[in-house]
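**Q** Protein sequence lines correspond, in order, to chains A and B.
If you're matching positions, the first sequence starts at 1 in our numbering and goes up one per residue.
If you're matching positions, the second sequence starts at 1 in our numbering and goes up one per residue.
Calculated directly from the structure, the hints in this document are not laboratory data.
Keep in mind the model is a prediction, meaning the values are calculated, not measured.
A few of these clues could be false.
[Claimed, not checked] No farther apart than 20 Å at their CA atoms in a straight line, the calculated lysine to any residue pairs in the SDA-like style are these: (1) 8(B) x 51(A); (2) 2(B) x 269(B); (3) 86(A) x 76(A); (4) 249(B) x 217(B); (5) 8(B) x 18(B); (6) 86(A) x 169(A); (7) 133(A) x 156(A); (8) 8(B) x 7(A); (9) 2(B) x 44(A); (10) 249(B) x 184(B); (11) 249(B) x 286(B); (12) 2(B) x 45(A); (13) 2(B) x 26(B); (14) 86(A) x 173(A); (15) 133(A) x 161(A); (16) 2(B) x 7(A); (17) 148(B) x 138(B); (18) 2(B) x 1(A); (19) 179(B) x 86(B); (20) 245(A) x 225(A); (21) 133(A) x 147(A); (22) 305(B) x 245(B); (23) 2(B) x 3(A); (24) 179(B) x 286(B); (25) 249(B) x 228(B); (26) 305(B) x 244(B); (27) 2(B) x 5(A); (28) 2(B) x 4(A); (29) 2(B) x 15(B); (30) 86(A) x 67(A); (31) 2(B) x 6(A); (32) 2(B) x 43(A); (33) 179(B) x 78(B).
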Amino acid sequence: MILDYVAPRTLSEACALGGEAGAVFLAGGTDVLVWEADGRRRLGRVVSLRDLSELRERRWDQDGSLYLGAGTTHDEVASDPEIQRKYPALAEGCRSVGSWSIRVAGTLGGNVCTAAPSADSAGPLLVYGAEVKVTDGESGHSLPLSEFYVGAGKTVLQQGQIVLGFRIPDPGPHGAAFIKLGRRRAMEIALVSATALVRVDEAGVCRDLRLALGTAAPTPMLVEGAAEMAAGRLLDDEVVDQIAKAAAAQARPRVGSFRCDPEYRRRMVAVVAERTVTAAWSRAQDERRAS
Amino acid sequence: MKRGMNLKVNGLVREVYANPGETLLFCLRERLGLTGAKEGCGDGECGACMVLIDGQPRNSCLVLVGDVENREITTIEGLSADGGLTPLQEAFVAKGAIQCGFCTPGLVVSATALLSRNSNPSEPEIREAIAGNLCRCTGYAKIVEAIKAAACGEQCVREDGPLGTSVARLDAVEKVTGKAQFGADVSRPGQLWGAVVRSTRPHARIVGIDTARALAMPGVAAAVTGAELTPGLYYGVDLYDQQVLARDKVRHVGEPVALVAAETPELAAEAAAAVEVSYEDLPPVHDIDVALAPDAPLVHEDLLKYEAGWDAIREEMPAPPPTSRVAIRMRPSPPAIVCSPIPSKPKSSIRATLNRTPAWPKPTPTARSPSGPRTRSLLRFGVTCPTRWAGP
Chain A
1 MILDYVAPRT LSEACALGGE AGAVFLAGGT DVLVWEADGR RRLGRVVSLR
51 DLSELRERRW DQDGSLYLGA GTTHDEVASD PEIQRKYPAL AEGCRSVGSW
101 SIRVAGTLGG NVCTAAPSAD SAGPLLVYGA EVKVTDGESG HSLPLSEFYV
151 GAGKTVLQQG QIVLGFRIPD PGPHGAAFIK LGRRRAMEIA LVSATALVRV
201 DEAGVCRDLR LALGTAAPTP MLVEGAAEMA AGRLLDDEVV DQIAKAAAAQ
251 ARPRVGSFRC DPEYRRRMVA VVAERTVTAA WSRAQDERRA S
Chain B
1 MKRGMNLKVN GLVREVYANP GETLLFCLRE RLGLTGAKEG CGDGECGACM
51 VLIDGQPRNS CLVLVGDVEN REITTIEGLS ADGGLTPLQE AFVAKGAIQC
101 GFCTPGLVVS ATALLSRNSN PSEPEIREAI AGNLCRCTGY AKIVEAIKAA
151 ACGEQCVRED GPLGTSVARL DAVEKVTGKA QFGADVSRPG QLWGAVVRST
201 RPHARIVGID TARALAMPGV AAAVTGAELT PGLYYGVDLY DQQVLARDKV
251 RHVGEPVALV AAETPELAAE AAAAVEVSYE DLPPVHDIDV ALAPDAPLVH
301 EDLLKYEAGW DAIREEMPAP PPTSRVAIRM RPSPPAIVCS PIPSKPKSSI
351 RATLNRTPAW PKPTPTARSP SGPRTRSLLR FGVTCPTRWA GP
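So here's chain A without its partners, still in its complex pose (with noise of 0.2 Å):
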C-alpha cells in the first residue's frame, strides 16, 4: 500500500514534490504500480500527474508535425485515425503494448522514461526523430529521443524533472513496419523488436531507411550506419542481408537474461531487421505508386 501519496494541481508543484530522492511520477500506473505490486522496488513518494492537463495535450502543428503529451495512452495513439496514416509504425507499436486496459492505462511518457529496453513505443519514436520536451517546472528544453537514453532502465532526467511531451516531425511519404517478437501476441515484453522507415524518390530508389532495434541492447537503439547502407539503393535481397548483418552486428544483447540467451538474440536481431526493413520497403513501393 502506497502511503506517501499526493495529487499536486500545477506542474511547478509537481517537480516540486517529485524532488525529493526516492519520489516517483504516477501516470498510468503500469510500471509504477506493478513495481509496488512486486516489492521489487521500494517506491518513495508517489506524485500522481492526474491533474496535470498539460500532459494531455495532443496537437498537430502548421509545419505537419505532431505534439503528443506525455499523457497520451497507448490506446489513444493505436486508434487514431490520423496518426495510424501518418506514423504507422508508431501506431503499431503502441496496439502491440500489453492488452486493452494497459493500452488505456499506459503512457508514451512512462513508457519512455521507464527506458526498459523493450518498450514498444522507442522504436517507432526513434525512426520518426522524436524530440523529448522536458521540463523542471521552471524551464523546459527539448532534445533527440536517441540522446534521451543513458542505460537499461536510465535516462538523462533529473529527479524532479518530467517529459512534458513528443513533437514528432512530419514524416511525408514513407513506408514503415514494426515487428514484436515473442511468444505470445498480448501480454507480452518484446523478446526483440525493430521498426523500420523507408522513404524512396520518385525513382522508387531508396532515400533514406531508419532501423530500431528493441531489446537489443541496454537502451532502444538506431542501427548506425541504416541509411548509409540503403542510399541509392534498390533493397533487393542482397542489401537487405547486409543491413540485417550490421543490425545484429551492432546488437549488444544481454548476458544472463533468463528468456533467452544472447547468441539466439543476436540471430533473430537479423530475422526481425530483414522482415520490417522488406516490409518497409514494400510499403514505400506500394505509398509511391498510390501517389
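Use these hints to put chain B onto chain A, whose structure you have.
**A** Chain B in isolation, oriented as in the chain A frame:
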C-alpha cells in the same frame, strides 16, 4: 493517511474512508463490499480485477483510489440496472462460458466495454479485446461464442429438460453477476488482517526471527513463526514437501517465514515489515547443471523421509525396517516421487499400489542416464544422483 473520499461507483456516490494510495481493487472489495472484482495476480496481468472507468476497461489493481475520485467507476455488480442479467451475461450462462467463475466478472466487464465500443466485433477483435483476461478453465472457446452471440443479438435462453439437454450450471448466475463467494470474498465482523513475511534469500539457514517489534505495535494481535508450529507439519499434492512456515531453512525467495495478524491491513503490512529475520546464506541450486554436480548442495536433505500424497499408498506401506534399501520411483506424468521400501516389502502390496495408478507404465531400469525423464524429475526435488529402479 486515510481520509474521507467520495467515489462514484455504479451510479451512486459512495463515501469511503480510505488511503488515496491504496488500489481501487482493495477499496472496492474491502471497504465497499463489492467483491465481484477479484485479485488474481495483483499486478495487471490476469484481468480478474477488471472494472470500467469512464466506460473503459481498467485493471483496478493498477488504479489508485486517489486517482479516480471524480471518475465513473462501474463494477460487475453495476452492469445490470434492475438486478437481472444483461444479454451478455445471459449469453455467458447459456453458452457454458463459465466454469469456476473466477475470471468471469473480469471477462464480462471487458466484453461489455468491447460491445459498447464495437457492436459487431469479429472474432479476432473479440480475442484482442479479452487478451488481458486469463481463464484457466474454459479455453476461451465458449467465452468467445457467448460474446459473439450477445453481439448478434441472439436470444440466449437457459434451457431445462431431460438428460441430454445443455443446461446452465447451478451457480452460473451467481458467478456471472459477481455474487458468488470465493474464499477471499468472505469476511466477518471483527476479523483480523494477515500479512506474510517472506524469505528474501534463495537458500539459507534461518539464524533468528525477531517478532518483538511487530508484537509491540498497537493493534497487532499475533506474530507466528515456523518454530511455533507443529514440527514435521508438511503438506503438498503428490509429495508432502512444503512447510506452512519455514523452519530452520528457506528454500526459495518468497517462502513464507512468519505471519502477522493485526486490526487493519495497513497495520498488518507495517507489522510484517517490522519482523526481523536473519539468514545465513547457503549455496543456491539454480539449474540442472548445478544440481547434477556430485557435490551439489541438497535443497531437501530429508527428501527420502517425505510422505507421499495419497492416503491409500501410505496405508499400504509399512515403515521400512532399518536394513531395507529405499528406492525412488516415479510416475512420468505428472512427475511424483513415492518412497517404497524394498525388497523386504511383500510383492503383492507393491502390486496393489501399482494397480491404483493405472496410468503408471512399467518402469525401465535406466541407472545412469542424465537425460532420462526419471532423472529430470528427481532433479526437480534436488536429488543429484541418478537412482536405480530396483523393484519388481
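**Q** Please go over all the hints and tell whether each is borne out by the structure.
**A** Results of checking the hints against the structure:
For the suggested pair residue 8(B) and residue 51(A), the alpha carbons sit about 18 Å apart, so the restraint of at most 20 Å is met. With a C-alpha separation of about 15 Å, the suggested pair residue 2(B) and residue 269(B) falls inside the 20 Å cut-off, and the hint holds. For the proposed pair residue 86(A) and residue 76(A), the alpha carbon gap of about 14 Å is at most 20 Å, so the pair holds. For the hint pairing residue 249(B) with residue 217(B), the CA-to-CA distance comes to about 27 Å; that exceeds 20 Å, so the pair is violated.
Between residue 8(B) and residue 18(B) the alpha-carbon distance is near 14 Å, which keeps this suggested pair within the 20 Å criterion. Between residue 86(A) and residue 169(A) the CA atoms are separated by roughly 11 Å; this keeps the pair inside 20 Å, and the hint holds. A distance of roughly 12 Å separates the Cα atoms of residue 133(A) and residue 156(A); the hinted pair therefore holds under the 20 Å criterion. With a C-alpha separation of about 19 Å, the suggested pair residue 8(B) and residue 7(A) falls inside the 20 Å cut-off, and the hint holds.
At roughly 18 Å between alpha-carbon atoms, residue 2(B) and residue 44(A) fall within 20 Å of each other, so this suggested pair holds. Annotation: proposed proximity of residue 249(B) to residue 184(B) is violated, straight-line Cα distance about 29 Å (limit 20 Å). Distance hint between residue 249(B) and residue 286(B) is fulfilled; the C-alpha atoms sit about 17 Å from each other, no more than 20 Å. Using a Cα cut-off of 20 Å, the hinted pair residue 2(B) and residue 45(A) holds, with the two alpha carbons roughly 16 Å apart.
Only pairs whose Cα atoms come within 20 Å are accepted, and residue 2(B) paired with residue 26(B) is accepted, the gap being roughly 13 Å. Under the criterion of a C-alpha separation no larger than 20 Å, the hint pairing residue 86(A) with residue 173(A) is consistent with the structure, at around 8 Å. Proximity of residue 133(A) to residue 161(A) is assessed by CA-CA distance (about 10 Å); at most 20 Å being required, the pair is judged to hold. Proposed proximity of residue 2(B) and residue 7(A) is supported: the alpha carbons are some 15 Å apart, at most 20 Å.
Pair hint residue 148(B) plus residue 138(B) holds up; C-alpha atoms about 16 Å apart against a cutoff of 20 Å. With a C-alpha separation of about 11 Å, the suggested pairing of residue 2(B) with residue 1(A) holds against the 20 Å cut-off. Straight-line distance between C-alpha atoms of residue 179(B) and residue 86(B) comes to about 15 Å, which keeps the hinted pair within the 20 Å bound. Taking the CA atoms of residue 245(A) and residue 225(A), the gap is near 12 Å; set against the 20 Å cutoff, the hint holds.
A threshold of 20 Å between alpha carbons decides the hint, and for residue 133(A) with residue 147(A) the separation of about 12 Å falls inside it, so the pair holds. Straight-line distance between C-alpha atoms of residue 305(B) and residue 245(B) comes to about 19 Å, which keeps the hinted pair within the 20 Å bound. Only pairs whose Cα atoms come within 20 Å are accepted, and residue 2(B) paired with residue 3(A) is accepted, the gap being roughly 9 Å. For the given pair, residue 179(B) sits about 43 Å from residue 286(B) by alpha-carbon distance, which is inconsistent with the 20 Å threshold.
Under the criterion of a C-alpha separation no larger than 20 Å, the hint pairing residue 249(B) with residue 228(B) is consistent with the structure, at around 14 Å. A threshold of 20 Å between alpha carbons decides the hint, and for residue 305(B) with residue 244(B) the separation of about 17 Å falls inside it, so the pair holds. Simply put, residue 2(B) and residue 5(A) have alpha-carbon atoms about 11 Å apart, close enough for the 20 Å limit, and the pair holds. Using a Cα cut-off of 20 Å, the hinted pair residue 2(B) and residue 4(A) holds, with the two alpha carbons roughly 11 Å apart.
Straight-line distance between C-alpha atoms of residue 2(B) and residue 15(B) comes to about 13 Å, which keeps the hinted pair within the 20 Å bound. For the hint pairing residue 86(A) with residue 67(A), the CA-to-CA distance comes to about 13 Å; that is within 20 Å, so the pair holds. For the hint pairing residue 2(B) with residue 6(A), the CA-to-CA distance comes to about 13 Å; that is within 20 Å, so the pair holds. Between residue 2(B) and residue 43(A) the CA atoms are separated by roughly 19 Å; this keeps the pair inside 20 Å, and the hint holds.
A threshold of 20 Å between alpha carbons decides the hint, and for residue 179(B) with residue 78(B) the separation of about 11 Å falls inside it, so the pair holds.
Hint violations for this structure: numbers 4, 10, 24, all remaining hints satisfied.
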